[in-house]
Amino acid sequence: MMDVKRIISKIEKGYIKNNLKKEQRVDGRGLWDYRDFEIKTGIITAAEGSCDISLGGTRIMIGVKYDVGTPFPDTPDEGVCTVMAELLPLASPLFERGPPDEESIELARVVDRGIRHADCVQTKKLCIQKDEAVYIIFIDMYVINHSGNMIDCGAVGSLAALLSAKIPQGKWTENGPEWTGEYISGKDIINELPLAITFGKIDDMLFLDPNLAEELVSDGRITISVTKDQITSIQKSGSTTFEIDEIKMLSKKAFEAADKLREDLNLWQYAENIEEE
Amino acid sequence: MEEEIDEELEEEIDEDLDEDFEEDTDDEEDTDDEFEDEETSREIVAPGEVLSEDMENFIPGRGTILNKKGTKIISVLVGLKQIKKNYINVIPLNGFYTARTGDKVIGIITDKNPVKYRVDINAKYNAILKPRNTVKRSKMRRRGKSSHNLNTERFDIGDVIVAKVISADRLNNPELTIVGKYLGKKMGGIIISIDPPKVPRVIGRNGSMIKMLKSLTDCNIFVTQNGRIWIKGDKIKKERLLIEAIYKIEREAHTRGLTDRVEEWLQNEKEKRGIK
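Line by line, the protein sequences give chains A and B.
All residue numbers for the first sequence refer to our numbering, where the first residue is 1 and numbers rise by one.
All residue numbers for the second sequence refer to our numbering, where the first residue is 1001 and numbers rise by one.
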């Protein structure tokens, strides 16, 4: 909506703050509303699973690829799932080329933590042979357009991409892993759906799903990843501070928002084998 | 002695400028609606397309070049072909803003030092605002009584100003002034930006579109040539409606009969959203 430059003008700051005080957002939402999600899966044929997701103006392309490798010594019978994010310079004038910066590492880590610490990816089922071969799943996020709140967008998109994934099933033989001719997908890969819910804070005002202008003005944000009944990770960034009461209130709000999102998006519809079940 | 002469000269020049501004009675620039012009054909041309080989009657205008031998007029832009008197112009469909002398622009101060301010005016290069072009003129100073106490306006990084381009060429960064009518710092409101070539469309022929927008949404609007629009209304609902209307105009800039369509759309939306 607004001009995006490194320097945000004073009157824009004032405009956003004044309207937030009246519980109004610049794009006409309520304080606890999300922008609209749009999800398309199966867009990249070369990838096992893929997703093109947009949240308002923010757009991310996500691909899922797999590899067969040796497991970590402390978890010999568990597969691995890692998340990577890249902020393309095409997405925003704020992004530069070069090695990943703080923001892209944060995006990847927060999405990764949300998924890792929930009972989401079924790592035990991704084992082909104990101590020998497991699946390593890579989730790659490419930000195509940046219009605020990449974390929530990426978290939902990663789940959609994982759900739509179809990974060739392997069995262990003397010569190493071999394809059985079947695929693993849907419930075999994913059980729970953890969602990242981000809140912004400007002065004392808290709100859900900051857009880019609000993100640039805000003092900081907090991301709470929740499953149906537990919090899996919390990440705070920026210079702001939160009181304990605020965190408690936001946790409740996060559960409410996540329940609503799960209902609205109905992510299981993107699962590959949903018809068979 | 020299200083005095300089000052006198400067004052003379500035007085000339002041007169110019006074003629400008309306808020918005008087720009013809190029898209709606009768001389503008609906013909869309591409870069490299030969516009005319008739060199006796036509002269290459904006957005065009001559070939090496000087026998053909060729377009350099994607846009609409326009013939005005004996000039052939190409009105670009979208593109960057290029500063031209006399344009009013909305800029954001991005850097400051004792000698000059750097201003982002949505162009390829940052503009420069020197303190001597921010002098507030008072009657006291004109009589020369307080000439040592210069009353310059101070800005901070992030301030929004409306300024006039006083010099712009291809070699140097454009230079701005804020001395004049309607110029200076803006307080409150919100700025949105659109594609600079579509600015004439938001203003409309003789300001018809902008008058309609103002009367239907009760907002103050200030449109400048660099594609930035300053808006201030009493209610956020009205401001949001206006912003959506402006983006609608930008999207449908190349179509005919836009003013009537936008008016109808605005009235429908006002009823739908319950705005009085």
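Keep in mind that a hint or two might mislead.
[Stated by the list, open to error] Between beta-carbon pairs, the in silico distance windows are: (1) B:1095 to A:246: 18 to 28 Å; (2) B:1100 to A:237: 39 to 49 Å; (3) A:17 to B:1125: 41 to 51 Å; (4) A:131 to B:1247: 58 to 68 Å; (5) B:1247 to A:144: 40 to 50 Å; (6) B:1067 to A:17: 27 to 37 Å; (7) A:219 to B:1087: 31 to 41 Å; (8) B:1247 to A:32: 49 to 59 Å; (9) A:98 to B:1275: 30 to 40 Å.
If you are wondering where the hints come from, they were derived from the structure by calculation, not from laboratory data.
Think of the CB as a built atom: it goes at the ideal place given N, C-alpha and C, for glycine as much as any other residue.
Here is what the structure says about each hint:
1. Between residue 1095 (chain B) and residue 246 (chain A) the beta carbon distance is about 47 Å. The supplied range of 18 to 28 Å is therefore violated.
2. Checked against the hint of 39 to 49 Å, the C-beta distance between residue 1100 (chain B) and residue 237 (chain A) comes to roughly 43 Å, which is consistent with it.
3. For residue 17 (chain A) and residue 1125 (chain B), the hinted distance range of 41 to 51 Å is not satisfied, since their beta carbons lie about 32 Å from each other.
4. Distance hint for residue 131 (chain A) and residue 1247 (chain B): a CB-CB separation of about 59 Å, consistent with the stated range 58 to 68 Å.
5. At about 21 Å, the CB distance of residue 1247 (chain B) to residue 144 (chain A) disagrees with the hint of 40 to 50 Å.
6. The hinted range of 27 to 37 Å is not satisfied by residue 1067 (chain B) and residue 17 (chain A), whose Cβ atoms lie roughly 56 Å apart.
7. A hinted range of 31 to 41 Å for the beta carbons of residue 219 (chain A) and residue 1087 (chain B) is inconsistent with their spacing of about 54 Å.
8. Here the CB-CB span from residue 1247 (chain B) to residue 32 (chain A) is close to 26 Å, at odds with the stated 49 to 59 Å.
9. Between residue 98 (chain A) and residue 1275 (chain B) the beta carbon distance is about 48 Å. The supplied range of 30 to 40 Å is therefore violated.
Consistency note: the structure conflicts with the earlier hints numbered 1, 3, 5, 6, 7, 8 and 9.
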